[in-house]
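If you read the protein sequences in the order shown, they are chains A, B, C and D.
Everything in the first sequence is counted per the UniProt record's numbering, starting at 1 for the first residue and increasing by one.
Everything in the second sequence is counted per the UniProt record's numbering, starting at 1 for the first residue and increasing by one.
Everything in the third sequence is counted per the UniProt record's numbering, starting at 1 for the first residue and increasing by one.
Everything in the fourth sequence is counted per the UniProt record's numbering, starting at 1 for the first residue and increasing by one.
These aren't lab readings, by the way, just hints derived from the structure by calculation.
A couple of the hints might just be wrong.
[As the list claims (entries may be wrong)] Subject to a maximum C-alpha distance of 20 Å in a straight line, what follows is the list of computed EDC-like cross-link-like pairs (lysine to aspartate or glutamate): (1) Lys125(A) - Glu150(D); (2) Lys125(D) - Glu75(D); (3) Lys38(B) - Glu27(B); (4) Lys95(C) - Glu85(C); (5) Lys24(C) - Asp41(C); (6) Lys156(D) - Glu150(A); (7) Lys156(B) - Glu150(C); (8) Lys24(C) - Asp61(C); (9) Lys156(A) - Glu150(B); (10) Lys95(C) - Glu190(C); (11) Lys24(B) - Glu85(B); (12) Lys125(C) - Asp61(B); (13) Lys125(D) - Glu190(C); (14) Lys38(C) - Glu85(C); (15) Lys95(B) - Glu85(B); (16) Lys95(C) - Glu31(C); (17) Lys156(C) - Glu190(D); (18) Lys125(B) - Asp61(B); (19) Lys125(A) - Glu75(A); (20) Lys125(B) - Glu190(A).
There are 4 protein chains.
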Amino acid sequence: MSRQTIHKRYNFDEGEPLAPWREKIHEIIFEADTGWGKTFDVFLIISIFASVFAVMLDSVDSISTKYQTSLFVAEWSFTVLFTIEYILRLICVRKPMLYARSFYGIVDLLSILPTYLALFLADAKYFLVIRILRVLRVFRIFKLASYIGEASMMMKALRNSHAKISVFLYTVILLVVIFGSLIYVIEGAENGFTSIPTSIYWAIVTLTTVGYGDISPQSPLGQFLASCIMIMGYGLIAVPTGIYSAEITRQAIKEHKEKEITNNACPSCSYEGHDADAVHCKKCGAEL
Amino acid sequence: MSRQTIHKRYNFDEGEPLAPWREKIHEIIFEADTGWGKTFDVFLIISIFASVFAVMLDSVDSISTKYQTSLFVAEWSFTVLFTIEYILRLICVRKPMLYARSFYGIVDLLSILPTYLALFLADAKYFLVIRILRVLRVFRIFKLASYIGEASMMMKALRNSHAKISVFLYTVILLVVIFGSLIYVIEGAENGFTSIPTSIYWAIVTLTTVGYGDISPQSPLGQFLASCIMIMGYGLIAVPTGIYSAEITRQAIKEHKEKEITNNACPSCSYEGHDADAVHCKKCGAEL
Amino acid sequence: MSRQTIHKRYNFDEGEPLAPWREKIHEIIFEADTGWGKTFDVFLIISIFASVFAVMLDSVDSISTKYQTSLFVAEWSFTVLFTIEYILRLICVRKPMLYARSFYGIVDLLSILPTYLALFLADAKYFLVIRILRVLRVFRIFKLASYIGEASMMMKALRNSHAKISVFLYTVILLVVIFGSLIYVIEGAENGFTSIPTSIYWAIVTLTTVGYGDISPQSPLGQFLASCIMIMGYGLIAVPTGIYSAEITRQAIKEHKEKEITNNACPSCSYEGHDADAVHCKKCGAEL
Amino acid sequence: MSRQTIHKRYNFDEGEPLAPWREKIHEIIFEADTGWGKTFDVFLIISIFASVFAVMLDSVDSISTKYQTSLFVAEWSFTVLFTIEYILRLICVRKPMLYARSFYGIVDLLSILPTYLALFLADAKYFLVIRILRVLRVFRIFKLASYIGEASMMMKALRNSHAKISVFLYTVILLVVIFGSLIYVIEGAENGFTSIPTSIYWAIVTLTTVGYGDISPQSPLGQFLASCIMIMGYGLIAVPTGIYSAEITRQAIKEHKEKEITNNACPSCSYEGHDADAVHCKKCGAEL
């Protein structure tokens, strides 16, 4: 979404102007055109990466025992910083609720909540990695328009093939449920297939060609069934790939066509389908 | 298959009308347009998922010992319910045998048989998961037409590339038989390759890039051969993917072209299927 | 290759006719049109599958000790049978050397040699599985023309993208050599990476997404490098797939075009590019 | 890059000719047209492969202890040889720095440095495998033009889809960071997920369908999350494949189109690039 759109959505819908200091904060926090805005954005991105890195280090036993205090301080510093930023964002937009319920608003909130929750529930702090989603702003901030264009094109292709993908996923689920139950009956608990849910998990591991090997069939019949699932999975991968390839190709052709051929009819012979750069009708030679 | 078709296939082929009560049952069970029909269908889908879920739970040791009685009651309740439904379906169609031999008829029967078989053979009950196939009706019931369209298009692409896929499968089988035997000779029983069938199983695990690791080559020569199989499998995956992509693209183009060809009939010879830019009928030469 | 071609290649190049009994044997063994020929072919295919199956069973310890004599007899029977067949084939063609050096001739020879070699070298007998290649005749015998057509189309696509595939393979080899050496230096013998060849084997296992797990990195740096290789392998698979898809699509379009558009020019306006079923020029209406 | 270009880049930019002996050396080392040049190139390639092979053997314990002296001699011989060659290359080009900073110049240097470094740091010698990159010259030397053409076409397709691939990679990184942290909280250190970095490593192993199985989820919830990641990874592979297929197809079509567009210039305005079926110049309207 372009900056203009955000502007409009949160701010300029009503005629009444914001107080100058709110206007100023808005400019720094939400925009990247002015010097201060740019500085703020760069500083923000560094903070995000640093804070995610700190959370990761905190989970490594040898590091967290050694640098316990530093990491504790870092975590709270980042959280306080991001909390202030979140409050400022709420203050400087005209419609705080709209921002709070937007994708970025929710991510911003989820980026600070875990630290407070961790006061009651120790493990909660690891959810701070959700902060990494904030980096998505990077695309917006540095005007990586072509990336956004590509991303939205890829998402569009996904959305267009949404029905096909659902059918594919449903087929995969049907297959793993049925094959999982079959292997459970064939191999049984003594070979590691302790229950149908576990066997379905194994079937997914096999069909997707991941193949951990934590559970694997021992009986000849079980190995035969496993072979069938593997070959099926090996071939089935063609389905999402085929769907997505065709969809992207289709979209590329469509865009290409729209660009290259005009709908203008020749005024003298009415022939249509001229190239966009044509000046004269290619059939009768009349000026277009 | 649309409801109208089913209607025709099982019912309206003969002139004689059904008894009103059979007509009523038919409407409730087979159709989803009336209030009762819809209620029945929703209830059916919930029952199916619940019964499959019960079968899965029953296979988990800790749960099945704790809730033995409840699960036993649930299983028999669902089975009795589905048995009654199956009988009603048989009664209310004009041609019971046609229904019994149709895909859904067979699935409906297989969804109740295992419980009765389990009286003699304990493990049989796990085959009840076949019930999940009954959910395929969901597509029909809720008129998920676009999904059916996509599914049939994907099936059509599969069917069209049927010969290519057979050639591919046969090649894969040839490769794994020959490579499996080779690795058996190279590695032998002391490294886990206890027989040619086991070695073929290993070759399939390797070629499809699943890679359990329950058996893996130890000798340098064996690892070299394994490397060849892996790279082959890594590249071979391009074959089904390429086939399927091309087929889907082809079909999409075909649909597109059919749109570009006009439906205008020639005024003099009534021939249809002219190109959009045709000026004269390509059959008789009359001006279009 | 069609039967007629084989006929010509082995037989009818010279004017002099074969002796009638050789002609008769030739008809039975090489052709499938007459009753005896068909019977022979069906019998041959059954023998091939049975003999391959026997070799496989022979490698399973529990079976080979139990049915040692039967399997020994079976193996020698099949070998004697195939030897007689091979000699007959040599006798009844006009140019035995040409047959002996053809693909099928070599496969036929390799299908009998291992049994004789096994007199000196026990393991040699397992190479008898090469017999499975003889089943390729099945395509020829039962005139599975469409399958041959598809197979040759797929082979053609492979051959056309031959240069691209070589480049891809060379890139893969370069990558695994360099990454394998890197991981060897990083992880070292104490984590299972005992030598550069072994480490290259591991790099292949990882890049092709097989992932046995018999060797896996333990140090953080090693796991980081492994992650890079995995993501690279995950993305690289797009290359052969893309090449092959594009090639198949290209070929399909080419065939389609050749079928649909003639090169005939309109005799009156010289317009070219008419559909194959066009009778009149679509521009000026003149008869083609 | 063609030989002529290299020639120009390193040599003929200035008018002043090289001394005859430098000219001679240049001809032998950099070119492959004369007898001596070809001999040198063939000898070079053999040396490269032999030296890389020696480095690999050196890393195998059993071999390196047995043939310690021979391998030591071989390594130093190859290094001295390549050092002399490197110096000669520097001498015989007019602009040594330009060569030294070119891709091949750097590879040539990296191919000799590790042996000298190994005097101080034992493991450094294994980096000698970088020598394998020198073989890329093979493409240039033997004028494997079609291979270079294909390679550059494949690289071009990669470069064109560069933005899409970045978006894809960033998505993958986001996913593995978030899923890795989730599984760390769910499974914890007692099931092998000792830290978030390790868990992210596991998420990459799973998403890319490698699946070592060195770490695998044990709890039902962990296995459920793993199943989601696997299916996601199984489907996501469609994205790079789709992107690359579409790009290659697009490029192939573009090349095809360029062929369909005639090179005829308009006789009146000299505009080129008319469609093959154009009758009038689409710029000025003059008859073609």
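Lys95(C) paired with Glu190(C) [C-alpha distance capped at 20 Å]: violated (61 Å)
Given hint Glu85(C) paired with Lys95(C) - CA-CA distance at most 20 Å: holds (16 Å)
20 Å Cα cutoff - pair Lys24(C), Asp61(C): Violated, because 44 Å separates the two Cα atoms, which is more than 20 Å.
Proposed proximity, Glu190(A) with Lys125(B) (alpha carbon, max 20 Å): holds (19 Å)
Proposed proximity, Glu150(D) with Lys125(A) (alpha carbon, max 20 Å): violated (51 Å)
Lys38(B) paired with Glu27(B) [C-alpha distance capped at 20 Å]: holds (10 Å)
Distance restraint between Lys38(C) and Glu85(C), which requires alpha-carbon spacing of 20 Å or less: Since the Cα atoms of Lys38(C) and Glu85(C) sit roughly 15 Å apart, the hinted pair holds (cutoff 20 Å).
Given pair status - Glu150(A), Lys156(D), alpha carbons within 20 Å: holds (17 Å)
Satisfaction of hint between Glu75(D) and Lys125(D), Cα-Cα up to 20 Å: holds (9 Å)
Straight-line alpha-carbon gap Lys156(B) to Glu150(C), limit 20 Å: Within the cut-off at roughly 17 Å; holds.
Satisfaction of hint between Glu85(B) and Lys24(B), Cα-Cα up to 20 Å: Distance of about 14 Å is within 20 Å: holds.
Restraint status (C-alpha distance of Lys95(C) to Glu31(C) at most 20 Å): holds (17 Å)
Hint compliance for this structure: hints 1, 8, 10, 12, 17 are not met, and every other hint is.
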